[in-house]
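S.K.: Line order of the protein sequences matches chains A and B. For the first sequence, our numbering begins at 1139 and goes up steadily by one. For the second sequence, our numbering begins at 1139 and goes up steadily by one.
The hints are simulated quantities; they were obtained by calculation from the structure and are not laboratory data. Certain hints may be false.
Reference listing, derived: stretches of chain A covered by chain B, where coverage requires no fewer than 3 residues with Cβ under 8 Å from a Cβ of chain B [as the list claims (entries may be wrong)]:
#1 1160 to 1167
#2 1171 to 1179
#3 1211 to 1222
#4 1228 to 1240
Per label pair, the in silico range of CB-to-CB distance [as the list claims (entries may be wrong)]:
#5 1226/A - 1205/B: 55 to 61 Å
#6 1236/A - 1212/B: 34 to 40 Å
#7 1256/A - 1215/B: 42 to 48 Å
#8 1173/B - 1236/A: 33 to 39 Å
#9 1249/A - 1218/B: 29 to 35 Å
Glycine included, C-beta positions come from ideal geometry on N, C-alpha and C.
There are 2 protein chains.
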Amino acid sequence: MSNAKALPLLEPADQGVAPCCPPLTERPFSAEEAETAARMFKALGDPVRLRLFSAVASHEGGEACVCDISDVGVSQPTVSHHLKKLKDAGLLTSERRGTWVYYRVEPSVLAAMGQLLTLRSAA
Amino acid sequence: MSNAKALPLLEPADQGVAPCCPPLTERPFSAEEAETAARMFKALGDPVRLRLFSAVASHEGGEACVCDISDVGVSQPTVSHHLKKLKDAGLLTSERRGTWVYYRVEPSVLAAMGQLLTLRSAA
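Using the sequences and the accompanying hints, generate a full structural model.
M.R.: This is the structure:
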């Protein structure tokens, strides 16, 4: 037992933002909840990022690489930059396969954001 | 019948942003759809605004004035400023009654944002 080491409790840095919060109509958000949820909303609060997000989300097979996205009117480096921001906010996951990085919508986060916007059944 | 006048078809300017777009997973957004939807997400992309929004949305009767909101850690003018931004984005409506302006969540817009985040039933 003397050899046993306590492993540090690591945050899974690759997973981005976890679903966090009750519906916005349920009770006032705490500062911490608001920080987490605002990060997700902010990531979608840019028209170009929102178009890229819907391009990935609606692409065949539910995933897309930069090579699949060409009609948003910005350069490929800009596309890559925005996709990384969406990933950092936990809205997309990514996987490198050969030359390209493929992005996929993180369904649990999308569902959590949808739940935030649920109205109370009895208002 | 000759007295009948065609009423001009007015945009209800006071109602802010109208629900705009299909689910994000359905097809790539057009530039115009993305502009409209991003404005709503951006309004919620700030922690203080998000706390204020949930404070209004969850307040008794579904409405609140600045006088009801005191525990977000910012001054009353700042609260007013953020509530106005939420109104400009179409997320809140307001009505002056006596000294105070009362804010209320616009349920159709909240529902529209929720719908944006709906996953396709068959992925």
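S.K.: Could you tell me which of the hints above the structure violates, numbers in ascending order?
M.R.: Hint check: 3, 4, 5, 6 and 7 fail, others pass.
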